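Chemist: The lines below spell out each chain.
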Amino acid sequence: MLEKESNPTHSKSTGLPRKRFYRARAHSNPLSDSHFPVPVSPSHVDFSLHYPQFFPSSSEVSCSKKIQFADIGCGFGGLLISLSTLFPETLMIGMELRDKVTEYVKERILALRGSNPGQYQNVSVVRTNSMKYIPNYFEKGQLTKMFFLFPDPHFKEKNHRRRVISLHLLDEYAYVLGVGGIIYTITDVEELGDWMKSCLESHPMFEALKKEELEADPVVKLLCSATEEGQKVARNGGQTFQAVFRRIVPTS
Amino acid sequence: MEDNQIEDGEKNTNVEVAPALISVHPTQNSVAVAVGSDLRVYDLLGDCAVSLVDDSGATSHKDSIRAIRYGANGKLFVSAGDDKVVKIWFAESWQCICTVISEKRVSAVAISNDGQHVCFADKFGVVWVVDLHGIDGSEASVSKTAAPLLAHYCSIITGLEFSPDGQYVVSADRDFKIRVTIFPKKPLDGAHEIQSFCLGHTEFVSCLAFVITLDYPQGFLVSGSGDSTVRLWDITSGSLLDTCEVAAKVGHLESNGSDEGYSTITDLCAIPDTTLVAAAIQSLQGVMLLSCNLSTKTLSVAKVISIKGENVIPTSLASSSCTGLLWMVTGVSNLPGFDCPSVSRVKVISGFNKSSLDSLEHEPLPLEDNDILGGTKLLEKLQGSVTVDEKVFTAAAEALKAAMCNLLIKKQYSVEKREFRKRTRNDRKTKQ
Ligand SMILES: C[S@@+](CC[C@H](N)C(=O)[O-])C[C@H]1O[C@@H](n2cnc3c(N)ncnc32)[C@H](O)[C@@H]1O
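If you're matching them up, the sequences are chains Y and X in order.
According to numbering that gives the first Met the number 0, the first sequence is numbered sequentially starting from 0.
According to numbering that gives the first Met the number 0, the second sequence is numbered sequentially starting from 0.
Just chain Y, same shape as in the assembly (with noise of 0.2 Å):
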């Protein structure tokens, strides 16, 4: 439970986790083999632990309901908190490689859920490298929304197969995302902007949004506000590059 008081790491007059106790490296090398549990498939995932208000574990009748957004590289989780409030009845997923920063967001996410009864219950965040185990916490076009907010960019050529869009990737991305669903990319980085666009492009099972999509989508303006990096990136009067696309059935 929350300890206000007491919790040095915790701001005293918000009784939110204060950043500077969960600093973390600045990049983790999805790459390298890490030691979280792994769910072994999406079926094996509690998501009683994730979602308590939903998932009451008394009851005996279990809630149908499915994760539907999944925020991939959640970061400090800036997104999800906006989210939350804006689709309550939506049930949603940081993913996130970071040990410390994941903390930082369950920690953030429980003090927003203290001091304010009843809401931010259909957020969660786990910590697991996106790029291997996707499969296993979604089912088959179980997401309607999946967002990359400022991923790392990974610039140098032999380095971008670590990068967390790429043509292969988009087959697991497109296997999780049904039919309609959206994916949102955005970066301050153009040559990593254009490779995601391209990237999406070339796959078959996705198409661009059309400008008019856009205007109407209320997600799209959250893109460059909402995050910590879309913040920073603003402040400092930094442009960005987004590429919002849908899942489609291929044309075969």
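Simulated from the structure, these hints should not be mistaken for laboratory data.
None of these values were measured; they are calculated from a predicted model.
Hints are supplied without guarantee of correctness; some may be wrong.
Unchecked claim - Calculated pairs, DSS-like style, for lysine-lysine (alpha carbon to alpha carbon, straight line, at most 30 Å):
#, chain 1, residue 1, chain 2, residue 2
1, Y, Lys196, X, Lys103
2, X, Lys184, Y, Lys65
3, Y, Lys231, X, Lys83
4, Y, Lys220, Y, Lys105
5, X, Lys248, Y, Lys196
6, Y, Lys157, X, Lys185
7, X, Lys184, Y, Lys139
8, Y, Lys157, X, Lys83
9, X, Lys248, Y, Lys157
10, X, Lys185, Y, Lys139
11, Y, Lys155, X, Lys103
12, X, Lys296, Y, Lys155
13, X, Lys296, Y, Lys139
14, X, Lys296, Y, Lys157
15, X, Lys185, Y, Lys209
16, X, Lys83, Y, Lys155
17, X, Lys61, Y, Lys196
We have chain Y; now place chain X with the ligand onto it with these hints.
Modeler: Using the frame of chain Y, we list chain X with the ligand on its own:
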């Protein structure tokens, strides 16, 4: 700076022991054994050893062969491995018709059912496809380039199979995962549509096979793993239909069951026209027969066939239609501490007829060397010699166990140990 284990592994110059492999022509025209870089073929129809016809020189492969297989229609044969060369052969003339250079070492191969495409997997988890249209072998061997088909993100691919109807390509990896992908009309553009993931194994997946009968021509997938189970799957949905624990059964037979990786399944072979699957298990002398009930969708241990008087723990299994024979080989290359660089022993079990095990008139039994098709002439070719020293096999079994663990089991380091490893990394030291 931060390098990953696979990259490290690739740079590792230690010679690794490689298990001997066996493959039989679908109608038993010939049988092939690979030991180290050596590919040995015996023509069963002509009852003679085969000389391979390869422009690229005396030795076709320069390093351990890791995968061999015949195509479903028996026209083609593929061999590939650590020398990063994929060789495609005509399985009649034994002429190498096509050579493909891979960027990385090759860990698995497959041939599409129509024989028009060869797929191979590299050690970085990428599956490549080669289009064979227009190659009829009338010219000398041609070189081809491969196009990427799909990828398992930085995992080692341990098994690659086409589904019996040719609709899917199935790939298994050391991250416990089996991916079922629709094999597209234009494979050179990539296979992007994933049909399912078969998830349930809790250790690396080591092998795949399809059980096919007249009633179930689409077949059912079985997979073997380092978690000591064989599992039965519905590949359309990815559902796990049944799990068969073999450790308990093996444990009854051998009693030194304390060490890890004890009952790793090393190979599976579905015996054609039956619902039987033969399993090679890391500590079992002989093979375990599993019986697959396709109407109730269950898998159970039917029987263990032991090979008496000989220390034969098979490293690879093979079978062909209508013959009732199960072929097996045990052996390794690069065995440290022995003057013979490689050893292999071929055994054949006979008596699998078109039926389930219950209705077999005679129990399947290992054949004596003289009763094997091709007899001593065949053994001389495939084993390199007729008699093989017993002691070597014991050492070979141990070396293989270690090699497989090193390659496929993820090392679990304690936090302190990981920090220590980070601090003492070679690549970092050299930069100072
Ligand atoms: C530059 S940050 C952006 C964070 C957040 N999306 C934002 O906009 O503020 C990229 C994040 O992705 C995480 N990450 C990188 N590779 C990952 C992987 N394979 N799986 C999960 N998270 C990953 C990193 O740890 C890092 O927190």
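Chemist: Confirm or reject each hint.
Modeler: So, going through the hints one by one against the coordinates:
Restraint check for Lys196/Y and Lys103/X: satisfied, since their Cα atoms lie roughly 28 Å apart, inside the 30 Å limit. Restraint check for Lys184/X and Lys65/Y: not satisfied, since their Cα atoms lie roughly 34 Å apart, outside the 30 Å limit. Taking the CA atoms of Lys231/Y and Lys83/X, the gap is near 46 Å; set against the 30 Å cutoff, the hint is violated. About 25 Å separates the Cα atoms of Lys220/Y and Lys105/Y, which keeps this hinted pair within 30 Å; it holds.
Proximity of Lys248/X to Lys196/Y is assessed by CA-CA distance (about 54 Å); at most 30 Å being required, the pair is judged violated. Restraint check for Lys157/Y and Lys185/X: satisfied, since their Cα atoms lie roughly 28 Å apart, inside the 30 Å limit. For the hint pairing Lys184/X with Lys139/Y, the CA-to-CA distance comes to about 22 Å; that is within 30 Å, so the pair holds. For the hint linking Lys157/Y to Lys83/X, the alpha-carbon distance of about 20 Å falls within 30 Å, and the restraint holds.
Straight-line distance between C-alpha atoms of Lys248/X and Lys157/Y comes to about 48 Å, which puts the hinted pair past the 30 Å bound. For the hint pairing Lys185/X with Lys139/Y, the CA-to-CA distance comes to about 23 Å; that is within 30 Å, so the pair holds. Taken as a hint, the Lys155/Y and Lys103/X pair is honoured in the structure, with Cα atoms around 20 Å apart against an allowance of 30 Å. A hinted pair counts as satisfied when its Cα atoms are at most 30 Å apart, and Lys296/X with Lys155/Y does not qualify at roughly 50 Å.
Note on Lys296/X and Lys139/Y: the hinted pairing holds, with a Cα-Cα distance of about 23 Å set against a maximum of 30 Å. Restraint check for Lys296/X and Lys157/Y: the C-alpha separation of about 46 Å exceeds 30 Å, so the hint is violated. Distance restraint check for Lys185/X and Lys209/Y: the Cα-Cα separation of roughly 28 Å lies within the 30 Å cut-off, and the hinted pair is therefore satisfied. Straight-line distance between C-alpha atoms of Lys83/X and Lys155/Y comes to about 25 Å, which keeps the hinted pair within the 30 Å bound.
For the suggested pair Lys61/X and Lys196/Y, the alpha carbons sit about 42 Å apart, so the restraint of at most 30 Å is broken.
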